[in-house]
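A.B. asks: Produce the complete structure using the sequences and hints provided.
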Amino acid sequence: MGTKVKKQAKTAVPQEVSPQDSIFIKGARVHNLKNVSVSIPRNKLVVVTGVSGSGKSSLTMDTLYAEGQRRYAESLSSYARQFLMRMNKPDVDYIKGICPAIAIEQKVITRTPRSTVGSMTEIYDYLRLFFGRVGKTYSPISGQEVKKNEVSDVVDFISKLPAGAKVLLLVPFRRHAKRDVKEELNILMQKGFSRLYVPGGEGNGLLRIEELLEAKKVAVPKDAWVLIDRLVVKTFDEDDKHRIADSVQTQFYESEGDSFVEVDGKEIRHFSNRFELDGMQFEEPVPNLFSFNNPYGACPTCEGFGQVLGIDADLVIPDKRLSVYENAIAPWRGEKMGEYKEALIKASRKFGFPVHKPIADLTDEQYNLLWTGNEHFYGLNEFFKMVEQNLYKVQYRVLQSRYRGRTTCPDCGGGRLRKEALYIRIGGKNIAELVDMPVSDLSNWFNALELSEFDQQIAKRILIEIYHRLKTLLDVGLGYLTLNRVANTLSGGESQRIQLTRSLGSNLTNSMYILDEPSIGLHARDTHRLIGVLKELRDLGNTVVVVEHDDLMMQEADYIIDMGPLASHLGGEVIFAGTYPEILEDPKSLTGRYLNGTLTIDPPVKVRKWKKAIAVEGARQHNLKNVTVDFPLQVLTVVSGVSGSGKTTLVKQILYPALMKLKGEFAERVGNHRAITGAIDDITQIEMVDQNPIGKSSRSNPVTYIKAYDEIRDLFAKQPLSKMRGFQPKHFSFNVDGGRCDACKGEGEVVVEMQFLADVHLTCESCNGKRFKDEVLEVTYKGKNIYEVLELGVDEALEFFKDEKDVCNKIRPLSDVGLGYVKLGQSSDTLSGGEAQRVKLASFLGKGKAQGHILFIFDEPTTGLHFHDIKKLLASFNALIEQGHTVLVIEHNLDVIKSADWLIDLGPEGGAGGGKLLYAGVPDGLKKVKESYTGQYL
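Going by our numbering, the first residue of the sequence shown is number 324, and it counts up by one from there.
Treat the hints as calculated values from the structure; they're not laboratory data.
Ideal Cβ positions, reconstructed from N, Cα and C, are used throughout, including at glycine.
Warning: the hint list may mix true and false statements.
[Claimed, not checked] Pair by pair, the computed Cβ-Cβ distance ranges are: (1) N767 to E859: 46 to 54 Å; (2) Q718 to V1074: 27 to 35 Å; (3) E665 to Q630: 20 to 28 Å; (4) A396 to Y790: 31 to 39 Å; (5) L632 to D1152: 47 to 55 Å; (6) E590 to E788: 41 to 49 Å; (7) A396 to Q1174: 27 to 35 Å.
[As the list claims (entries may be wrong)] Within a straight-line C-alpha distance of at most 30 Å, the following computed DSSO-like cross-link-like pairs (lysine-lysine) qualify: (8) K1107 to K1053; (9) K752 to K470; (10) K742 to K664; (11) K716 to K752; (12) K911 to K664; (13) K1096 to K1041; (14) K858 to K932; (15) K934 to K752; (16) K1195 to K794; (17) K680 to K1239; (18) K659 to K948; (19) K752 to K783; (20) K1239 to K932; (21) K932 to K984; (22) K471 to K545; (23) K412 to K1096; (24) K934 to K911; (25) K349 to K419; (26) K1046 to K986; (27) K1250 to K934; (28) K1125 to K1105; (29) K659 to K975; (30) K752 to K659; (31) K935 to K986; (32) K471 to K932; (33) K1125 to K1195; (34) K932 to K911; (35) K1239 to K975.
C.D. replies: Below, the structure is given as C-alpha cells:
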C-alpha cells in the first residue's frame, strides 16, 4: 500500500493490492521523491497523476524504468556488461516483482529524412513483402500484364489442344556474324538436330540438314526454323509429358528464352521465359526492389530521398497573388530577362492564356504551361536550361543560385523508388500510390481488396500484420497521416502513438509499458479510442503505467496513484493510491478536488471584445478547403478541432511564416493561400513559443535563458571573499574557463561513449558534479555557495533572494507560469517539451511592457500540465494580454477552449474529411454547431 494511510471512502471500498500481483517499490529517493513506498498492481492500467514537478516522472521513468533496464543489463554476458558496468542504480531500497520495461516517451526519436511513418510502424516492410510476393507487373506501353512462361505453361498449352492436332516445336535459325551458313549447320548437326522447317515449303516444309550440307551451294531460306520436336496430340501419359518438357527446355536454352509452337501449320504461338513485353525488359518483383533505403530499389536520381536540389517553384513565383503581367515570375523581372515575360504576354492571345489572372487562380493546366512552354514562347524549364548553359558567366551563376532549393524528384515524383518498382501493381495500385493515401483510406482499400485464392494463401500472414497495425493507427487517432510522411515532421504526441503501434504489433506479454502522456495532441474524441488501445495492451497480460492528467483516462484506469501535494521540494510523496471513485472522496488529493468539482477552472466572467484582426484568405495548403479566417488582436484566441483537421497547417505553416516574411524575417516555406490582410502593421513581432528545447548546449538552463543568472553572478562577485580573491562575475559562469571545473568544463558530468549501447553519463570525479572549482565554491551568500544556489527550486529561490529585488523580479515569472518546482540550474535537456515552452513564456513575461505589440503563438501549451497548473498558465496568458499583446493557442484542452475570447474550430474530421472552418466566435456559440466534435465535448 502507499506510504499514506488512506481515508476510508464512503461509497467505494479501498482496493487492496496483494503483494503477489503487484510491483512493490520500497524507499524511492530519486530527485524529489521523499523515501516513497508504493505498490503498483500488475496487469492493470495504472495512471500516475499529480501537479507538474510532483515526482511522477521520477517515480515512473527514473525509478521503475531505469531499474527494469538495469536488471536487463545484469542478465547479459560479462563481455557485454563491461561496457555497462557503471549504469547507475536508481536511489531506491528495492523493487519487487518488476517486469521487463518498455518506455514510450514523447520525443521525436528520428532526425533522418529517410525514416517515414511506414518504416517506423513496420507497415512499409510488410507492404514491400506483399508487393514482392503478390505484385503483378504491367507494361507502361500496352498496359498488359507481363508474364514469364515456364516449361509447364507450354506443356499445358499442348495438352489442351484437340486430339490429332499436329504440333511442331521450333526455334529461329540464327545466322552468326562471323560464321558462314555451312559452319552454322555443322554446329546444329553436332548438337543432334537433324531438320530445318520452312513454313509452306515442299514436303511439309521439312529440310534435312545432311542433304543441305551435301549440296554444291549451301543455301538456307530466310524464314527457316530449326525443328526441335514434332508430335501428334493425344492423351499424353507421364513419359510423353517428360519428353515434351525436355524438348521445350531445349527450345528455351537454344533460343535464349523463346519457345515457338506451330499448330497444324496455321498459327505459331510464342512463349518466353524472359520477363519482358513490348520490347522492354522488366525487373522481377522482390522485396528489396521496393526499399528506398536499398540501392537496388531507390530512385537513382534522388537516392531514395524523394527530393533533389533543383529549381524551387516557390522561389521562382514567391507571391502567387500576382499575375504574370504584375511580375509574379521573379527571374523575369529585369530589363534583359523581362524579354521572356514580354514574349509570353505578346503570344498569350494565340492560345488564350490569362496574363492578368493571379497565379493562385490558374488551372493546373495553365500553371504547368508556364513551366513547359509551347511553340509560341519559352517556358520556365527552357529558361533555366539556358541559364545552365551559361554558367561560365558569373551573373548566371548568381541567378541560378537565387532560385535553387529542395524540390520533388522529377524521376520518381517524390515516390522515392526506381520506376521499375512502380510498374508492379496490386488491385490497380502501385506501392507509391498506397503510401500516399491517408491511413484511413488505405485501411478501406485493403478491406475492399480481392485476391485470387493462390495469392490469398501467400499473403495471408502478411495481411494479418498489416491489418493489425493499420487498425492500431486508426485507434490512436492517426488515420489522417500518410505512410510516406517523414518521421521528423511529426509532433511528440504523434511520434509516441506511432511507437505504441509498433509495440502493439510485437504482441509482447508480461511486460511493463510506461507511457508519458500519450493523450498529448489528441482531441477528446480520440482519447477514448487511445484508452481502448491501452486496455488491449493490458489484456494481453501487460502492466500499463501511464503518466497522465486527462480526466477521461483517470475514469477508465484500474488504479490511480496521485503524487504531491505540490511541486518540487513540496512534492515527492504519494498522496493517494486507489480507484477513481475513491479519489473523488479524498480531501487530501488536489487531483481529486478538481475531479469532484470542489476546485474548478472557471471561464472568464466577461469575454474581451476586439476591434482589429489579421485575416488569412483562401488557405488551401494540405487539406484546408479554401478557408478564410480572422485572427483577432489583443485577445486570447484558441484554434481547436480533431487531430489532423488542419490547425497546425493554418497557424504554423501559413499564418506564422507569412507574417514573418511580411516583417522581413527569415521563415520556412509559406503554405498555399491567397492573401494575408488586416492590421498587420499593428504587430511589432511574432513569437512562436513551441516545445523545442531551450538552448542547444546541455549547460543551458532556465536561469540563463531568462537572463536571471547575470544578476546572481554579480551578487556573488560582490561578496567580500570574491573581492579578496579577485573573482569577477565570469568566475561564476560554467560557460567560460576561469571558475568552472576544468575536467568536465562545467557540465558536472562526464559522458562515456559506448560503441553499441546508449552513452553513459557519470558524475565528474574532480568536482563531484558541483561544476565549479573549490576556491569558487568557498564564496557564499547567506551561507550558500553558487552550486547550492543553482540547486534551489524557483520557489525556494524566491524565498532565499527576497532581499534582492532584481533577482526576484527576474525569476518570479518562472513561478507564475507554474515552474516553481524547477531547479534554477537544471539542465535544459532534462526539461519536458511543455516545460521548455513555459520557460520561454516566462522570459517574455519578465521583459515587461517595453516591447511593442507581440503576437504569441502557442502549440498545445497544456502539455504535461495538471489542472492546477493550467489555472496558472491561463493567468500568464491574461498577463500577456494585459501588457497589450495577442495570444493565439492551438489546443485540445477543454478548460483552455472555454476560457478563450475567440474560438476558431476546424473539422469536422481529420485528413481529407477536415480542413473546413466550422465555427468562429465566442466559445459558447460552438455548442450549437452539430458537426463539431469540440462542441459536443464542451
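A.B. asks: All hints, please: hold or fail.
C.D. replies: Hints and how they fare:
1. Between N767 and E859 the C-beta distance comes to about 22 Å, which lies outside the given range of 46 to 54 Å.
2. Judged by the Cβ atoms, the range 27 to 35 Å given for Q718 and V1074 is violated: they are separated by roughly 50 Å.
3. Between E665 and Q630 the Cβ separation comes to about 33 Å, which falls outside the hinted range of 20 to 28 Å.
4. A beta carbon spacing of about 36 Å between A396 and Y790 agrees with the range 31 to 39 Å that was offered as a hint.
5. Between L632 and D1152 the Cβ separation comes to about 33 Å, which falls outside the hinted range of 47 to 55 Å.
6. Between E590 and E788, the C-beta spacing of about 47 Å keeps the proposed range 41 to 49 Å intact.
7. With their beta carbons about 51 Å apart, A396 and Q1174 fall outside the hinted range of 27 to 35 Å.
8. Annotation: proposed proximity of K1107 to K1053 holds, straight-line Cα distance about 18 Å (limit 30 Å).
9. A C-alpha spacing of about 18 Å is found between K752 and K470, which places the hinted pair at or below 30 Å, so the restraint holds.
10. Between the alpha carbons of K742 and K664 the distance comes to roughly 35 Å, so the proposed pair goes past 30 Å and is violated.
11. Distance hint between K716 and K752 is unfulfilled; the C-alpha atoms sit about 47 Å from each other, more than 30 Å.
12. Only pairs whose Cα atoms come within 30 Å are accepted, and K911 paired with K664 is rejected, the gap being roughly 75 Å.
13. Distance hint between K1096 and K1041 is fulfilled; the C-alpha atoms sit about 18 Å from each other, no more than 30 Å.
14. Restraint check: the Cα-Cα separation between K858 and K932 comes to about 45 Å, which exceeds 30 Å; the hinted pair is violated.
15. Restraint check: the Cα-Cα separation between K934 and K752 comes to about 52 Å, which exceeds 30 Å; the hinted pair is violated.
16. Between K1195 and K794 the alpha-carbon distance is near 38 Å, which puts this suggested pair outside the 30 Å criterion.
17. With a CA separation close to 26 Å, the supplied pair K680 and K1239 stays within the 30 Å bound.
18. For the given pair, K659 sits about 40 Å from K948 by alpha-carbon distance, which is inconsistent with the 30 Å threshold.
19. Restraint check for K752 and K783: the C-alpha separation of about 19 Å stays at or below 30 Å, so the hint holds.
20. Of the supplied pair hints, the one linking K1239 and K932 holds, its CA atoms being roughly 25 Å apart against a limit of 30 Å.
21. Only pairs whose Cα atoms come within 30 Å are accepted, and K932 paired with K984 is accepted, the gap being roughly 29 Å.
22. The suggested pairing of K471 with K545 holds, with an alpha-carbon distance near 28 Å, which does not exceed 30 Å.
23. Of the pairs offered as hints, the one joining K412 and K1096 holds, with about 27 Å between alpha carbons and a cut-off of 30 Å not exceeded.
24. Taking the CA atoms of K934 and K911, the gap is near 45 Å; set against the 30 Å cutoff, the hint is violated.
25. The straight-line distance between the Cα atoms of K349 and K419 is roughly 8 Å, inside the 30 Å bound, and the hint therefore holds.
26. A hinted pair counts as satisfied when its Cα atoms are at most 30 Å apart, and K1046 with K986 does not qualify at roughly 47 Å.
27. With a CA separation close to 25 Å, the supplied pair K1250 and K934 stays within the 30 Å bound.
28. Only pairs whose Cα atoms come within 30 Å are accepted, and K1125 paired with K1105 is accepted, the gap being roughly 12 Å.
29. Proximity of K659 to K975 is assessed by CA-CA distance (about 38 Å); at most 30 Å being required, the pair is judged violated.
30. Under the criterion of a C-alpha separation no larger than 30 Å, the hint pairing K752 with K659 is inconsistent with the structure, at around 47 Å.
31. A distance of roughly 18 Å separates the Cα atoms of K935 and K986; the hinted pair therefore holds under the 30 Å criterion.
32. For the proposed pair K471 and K932, the alpha carbon gap of about 73 Å is over 30 Å, so the pair is violated.
33. Our distance criterion of 30 Å between C-alpha atoms is met by K1125 and K1195, whose separation comes to about 22 Å.
34. A hinted pair counts as satisfied when its Cα atoms are at most 30 Å apart, and K932 with K911 does not qualify at roughly 40 Å.
35. Between K1239 and K975 the alpha-carbon distance is near 17 Å, which keeps this suggested pair within the 30 Å criterion.
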